[in-house]
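Engineer: If you count the sequence shown from 1, position 300 lands on 662 in the numbering used here, and the numbers rise without skipping.
Hints were generated in silico from the structure; no laboratory data involved. Worth double-checking, as some hints may not be accurate.
Straight-line alpha carbon distances no greater than 25 angstroms define the calculated BS3-like cross-link-like pairs of lysine-lysine that follow [as the list claims (entries may be wrong)]:
no., residue 1, residue 2
1, Lys737, Lys682
2, Lys752, Lys721
3, Lys682, Lys725
4, Lys710, Lys699
5, Lys629, Lys654
6, Lys774, Lys725
7, Lys629, Lys706
8, Lys721, Lys810
9, Lys801, Lys814
10, Lys400, Lys556
11, Lys737, Lys713
12, Lys721, Lys816
13, Lys643, Lys666
14, Lys769, Lys713
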Amino acid sequence: MVKTTIKRLFKLILYPIRIITKLLISLTKRLKFSIAFKISTTYLLLYIIIILTVALTTTIGYLVFEIQKFENTVVSRDVENIVNDFPDLRSISTKDGDYNSVKIFDANLNTYFTTGRVGRYGSSILVVIENIIFNNEYTYAGNFSHGNSDYYLNISYPIEELLQDAWRIALLVLLSGAIGLMFFAPIVSTSSYKLIGPIKNMTEITKTITVNNINTRLNVKGTQDELKELSQTFNEMMDRIEGGYKVQQQFVSDASHELRTPIAVIKGYVNMLDRWGKNDKAVLEESIQAIKNETDNMQDLIEKLLFIARSDRSNLNFTKEDFNILIILNEIEKETKMIDTKHKLNFKFYKDATVYGDKARIKQAIRIIIDNAIKFTPPNEYIIVSGYIKDSYYVVKVEDRGIGIKKDDLDKIFDRLYRAEESRNKEIGGHGLGLSIAKIIVLGHKGKIHVKSKIGKGSEFSLLFPIIES
Numbered sequence: 363m364v365k366t367t368i369k370r371l372f373k374l375i376l377y378p379i380r381i382i383t384k385l386l387i388s389l390t391k392r393l394k395f396s397i398a399f400k401i402s403t404t405y406l407l408l409y410i411i412i413i414l415t416v417a418l419t420t421t422i423g424y425l426v427f428e429i430q431k432f433e434n435t436v437v438s439r440d441v442e443n444i445v446n447d448f449p450d451l452r453s454i455s456t457k458d459g460d461y462n463s464v465k466i467f468d469a470n471l472n473t474y475f476t477t478g479r480v481g482r483y484g485s486s487i488l489v490v491i492e493n494i495i496f497n498n499e500y501t502y503a504g505n506f507s508h509g510n511s512d513y514y515l516n517i518s519y520p521i522e523e524l525l526q527d528a529w530r531i532a533l534l535v536l537l538s539g540a541i542g543l544m545f546f547a548p549i550v551s552t553s554s555y556k557l558i559g560p561i562k563n564m565t566e567i568t569k570t571i572t573v574n575n576i577n578t579r580l581n582v583k584g585t586q587d588e589l590k591e592l593s594q595t596f597n598e599m600m601d602r603i604e605g606g607y608k609v610q611q612q613f614v615s616d617a618s619h620e621l622r623t624p625i626a627v628i629k630g631y632v633n634m635l636d637r638w639g640k641n642d643k644a645v646l647e648e649s650i651q652a653i654k655n656e657t658d659n660m661q662d663l664i665e666k667l668l669f670i671a672r673s674d675r676s677n678l679n680f681t682k683e684d685f686n687i688l689i690i691l692n693e694i695e696k697e698t699k700m701i702d703t704k705h706k707l708n709f710k711f712y713k714d715a716t717v718y719g720d721k722a723r724i725k726q727a728i729r730i731i732i733d734n735a736i737k738f739t740p741p742n743e744y745i746i747v748s749g750y751i752k753d754s755y756y757v758v759k760v761e762d763r764g765i766g767i768k769k770d771d772l773d774k775i776f777d778r779l780y781r782a783e784e785s786r787n788k789e790i791g792g793h794g795l796g797l798s799i800a801k802i803i804v805l806g807h808k809g810k811i812h813v814k815s816k817i818g819k820g821s822e823f824s825l826l827f828p829i830i831e832s
């Protein structure tokens, strides 16, 4: 009974505190305070709630303890006297006990005897609390038997002094809390601003980062825990951004370099024509042919750059459909044998398979690998193109007996505009974009691309495309 009383009393007393807490939380969410202010306010609010809770629990605990003690001494004595004297009620009328009033009810809860006003039998804890709050009285509820009948008993006691003592205890606790708050508030405020200090430093440093000092990083030495992790994550992100920015700068520089040469050639021939080539048929034809070749070269480069740019913007669209991959492999075999007569070409396609993809793009990727093999393989050497199924992929393998690729260059050959030293001669040519485009196409079809190579022994490229059925 006592535990239930305490729980209900707690809920009743804490209800306004909950309402105030919700309002304060809602207010802090709506207003744009600094993080340090919010932390300080939160801690101070928690401190106040704790002090109020301590005051309440201390006061209620004191009241419950004293009332139980009162019941075990005074109330039990008065009940015993009333029951012993019953049904002679003269002793009750003359008020031998410490009570204000006594009410006795029969088995049907009708008033049998009362020393005060006629009322109903009260046994509910809410009635007890109501009398304590409004009447400063504690009402005891019990029952006893006399003869063959049951009787119910209400005894009311004045507890003004007990309540005054409880209020004094509550005020002392609140006063102690208020004094503690005077010391707690500046400590919390200082700690909050000290805690937020590293975040302010991060903010100031990040404000200074531009393209001119993109290598700036946050200092992680003075930070701890989540702030250190945040700083490390930010630095790692900046490393990736800086790396991407440098690659982009290099890409723009290389593209400019690639375009500078044909533009210089065209400008040279135009100037030559302007000076004396207009009337010289041989010079005129040479200039026209050179300009045509260089414009074709520029067009090819620009188309490749646009292809990569569309891929970077995720605007590259593939027209995909189900088709048998042997269709394009047979076309590639026929076209390659017509174009290249200087190498020993060997095509071996072991099995057909259905692939879901863009025919033209897949053919373009395979052609890029074969063209590279032709470029870097000396005449009369073997180039082997094979096709077969492995696991859930159709593998197109291109093997050559060419100059090979250095181990240090293997990780870079798919970079844009990258060309190994062996390929930087005019006879071989190229822009260093082919393998980048091939990789984009293969990955765009959820495939894979593998490469093996040894200097002087040749290279082996494998393009793997997912199959629907064999």
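Engineer: Holds or violated: Lys752 and Lys721, Cα atoms, limit 25 angstroms.
Structural biologist: holds, 20 angstroms
Engineer: Hinted pair, alpha-carbon criterion (25 angstroms max): Lys710, Lys699. Please report holds or violated.
Structural biologist: holds, 14 angstroms
Engineer: If you draw a straight line from the CA of Lys643 to the CA of Lys666, is it 25 angstroms or shorter?
Structural biologist: This hinted pair is violated, its Cα atoms lying about 35 angstroms apart.
Engineer: Please work out if Lys769 and Lys713 have their alpha carbons no farther apart than 25 angstroms.
Structural biologist: Judged against 25 angstroms, a Cα distance of about 33 angstroms means the pair is violated.
Engineer: Can the restraint linking Lys801 and Lys814 be considered satisfied, given a maximum Cα separation of 25 angstroms?
Structural biologist: Since the Cα atoms of Lys801 and Lys814 sit roughly 15 angstroms apart, the hinted pair holds (cutoff 25 angstroms).
Engineer: Check the hint pairing Lys737 with Lys682 against an upper bound of 25 angstroms on the C-alpha distance.
Structural biologist: violated, 30 angstroms
Engineer: Can the restraint linking Lys629 and Lys706 be considered satisfied, given a maximum Cα separation of 25 angstroms?
Structural biologist: Given pair Lys629, Lys706 is violated - Cα atoms ~40 angstroms apart, limit 25 angstroms.
Engineer: Check whether the Cα positions of Lys721 and Lys810 lie no farther apart than 25 angstroms.
Structural biologist: Given that 25 angstroms is the threshold and the Cα spacing comes to 17 angstroms, the pair holds.
Engineer: Quickly compare the C-alpha distance for Lys737 and Lys713 to 25 angstroms and report which way the hint goes.
Structural biologist: violated, 28 angstroms
Engineer: Are the Cα positions of Lys721 and Lys816 separated by 25 angstroms at most?
Structural biologist: violated, 31 angstroms
Engineer: Below or equal to 25 angstroms on CA atoms is what counts here, so check Lys774 against Lys725.
Structural biologist: Judged against 25 angstroms, a Cα distance of about 23 angstroms means the pair holds.
Engineer: Is the hinted pair Lys682 and Lys725 satisfied, with a Cα-Cα distance of at most 25 angstroms?
Structural biologist: Holds, at about 13 angstroms.
Of the numbered hints stated above, those contradicted by the structure are hints 1, 7, 11, 12, 13, 14, listed in ascending order.
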